[in-house]
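**Student:** For chain A, the structure is supplied; the task is to place chain B on it using the hints.
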Amino acid sequence: MANILNKPALGTRLMNSVFFPNIKLQVIRNTGKTFEKNNKLMFKTDCSVGKTDIKTYVKALYDVNVDKVNTINVQGRIKSCIKGFGKKGTRLNVKYKTTDYKKAIITVDPSLKAPLSRKKSTK
Amino acid sequence: MNNILRSGISNIIKGATYTQRAAPAAQIAPGSTIINNNTRSLGDFFEHKYPVGSYPLAGRSWTATDLRGKSFNDLHEIWFELLRERNKLLTEKELNKNKNLINPLRIKKVRKSMAAIKVVLGERDQLSKSLYLLRVESEKGNKKRVGELQNNIKRLNKLVGAVSLKPGLRDLEGLQDTLKVGEELESNIDSLVNKQN
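These protein sequence lines map, in sequence, to chains A and B.
Under the numbering used here, the letters of the first sequence match residues 101 to 223, in that order.
Under the numbering used here, the letters of the second sequence match residues 61 to 257, in that order.
By construction, these hints were calculated from the structure, which means they are not laboratory data.
All of these numbers come straight from a predicted model, not from anything done at the bench.
All C-beta atoms, glycine included, are put in the ideal place defined by N, C-alpha and C.
Accuracy of the hints is not assured; some may be wrong.
[Said to hold, decoys possible] Partial list, derived from the structure: chain B residues whose beta carbon lies under 10 Å from chain A:
| no. | residue |
| --- | --- |
| 1 | G103 |
| 2 | D104 |
| 3 | F105 |
| 4 | E107 |
| 5 | H108 |
| 6 | K109 |
| 7 | F140 |
| 8 | L143 |
| 9 | R144 |
| 10 | N147 |
| 11 | E154 |
| 12 | N158 |
| 13 | I162 |
This is chain A alone, in the form it adopts within the complex (with noise of 0.2 Å):
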C-alpha cells in the first residue's frame, strides 16, 4: 500500500476521471421507435469515447447493462458558405466543415422490451 500524501496530483485526477465523467451521448432520431423491434439504440458522442466507456456510462447512469457496442466514426461534412438568402444564393469558394462525430449502437437484453418514444403528461 503506497503512502497517498506522498502522490497528491495522482489521487486528484483520477478522481475526476471516474466519479465526474463528461460524456455527452445524444440519441439519433428515429432510433427510439425502433428500439421494440430489435433492441437497438443509437446515439452521437464524442470521437474519443471508446466502448468500454459507453458501456460503464449507461450502467452507472441508467441501471441498464449493455450486450455490445458497436462504433462507427463519422467524419464530418464540408459544407460552402452561401451568400444572400433563397434563390438569390450563391456559393462562395469559401469552405467550412461540420463537427466529427462518432456513432455508437448499443443492443440490450430483449426482456427490457419497452415503447422509448415521449410519453404523455401525468397532468
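**Tutor:** Leaving out everything else, chain B in the frame of chain A:
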C-alpha cells in the same frame, strides 16, 4: 427561505429531491444525502410531451456558494443528475423540428452548474496540494516559500471549511494545524546558540 430556493433548484434536476437525512427511500448513494425515488431506465433520455400552452419550467443553476458545504459524494450525485439532464436536452434538440428547444437556456444552466462543481473541487485540490507542499518546504527550511503557502492555505481554509477533502485522504485534514512551523521556537533556539558562542 433557503428551503424555497432549494425547491426551485430541484426543478432543474428532475427527480432529485433535496432532503436533510429524511426517511430512507429506494435509492440512496453511499455517503450522500440526496435521495432519488425514480427508477432509472433508458426512457430517461426522452422528456414527456407537454400539453399545448404549457412549457418546461426551470429554476436557476447551482452556484459555487451552494455547493461548497457539500461532501464529495453529494457532488458526485449532482454531477450524474446533470449528465442525465444534459443527455435528455440534447436528444430533445435532435427530435424537435428545426432542432430548436422550447426553453433553450436550460442547456446553459446545466453547463454553468457543472462548472460550479469543478470550481469547488478545484479549491479542495489546491488546498490538499498546498498542504503537501508545505510539508516538503518546511523540511527544506525555505521560509519565504512557507510563508506564501501558509497565506494560501488561510485563504482556502475559509472557502473549503470543515468538509472532507477527498475520500481516503483524511490524514491530510489532521495535518492542517500540526503542520504549522513554530517560528518563535526556532528564534529562541538561535538566540540560545548565539549566547553560548
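**Student:** Next step is simple, just say for each hint if it's right about the structure.
**Tutor:** Going through the hints against the structure:
no., hint, result
1, G103, "holds, 6 Å"
2, D104, "holds, 6 Å"
3, F105, "holds, 5 Å"
4, E107, "holds, 7 Å"
5, H108, "holds, 4 Å"
6, K109, "holds, 5 Å"
7, F140, "holds, 6 Å"
8, L143, "holds, 6 Å"
9, R144, "holds, 6 Å"
10, N147, "holds, 5 Å"
11, E154, "holds, 6 Å"
12, N158, "violated, 13 Å"
13, I162, "violated, 13 Å"
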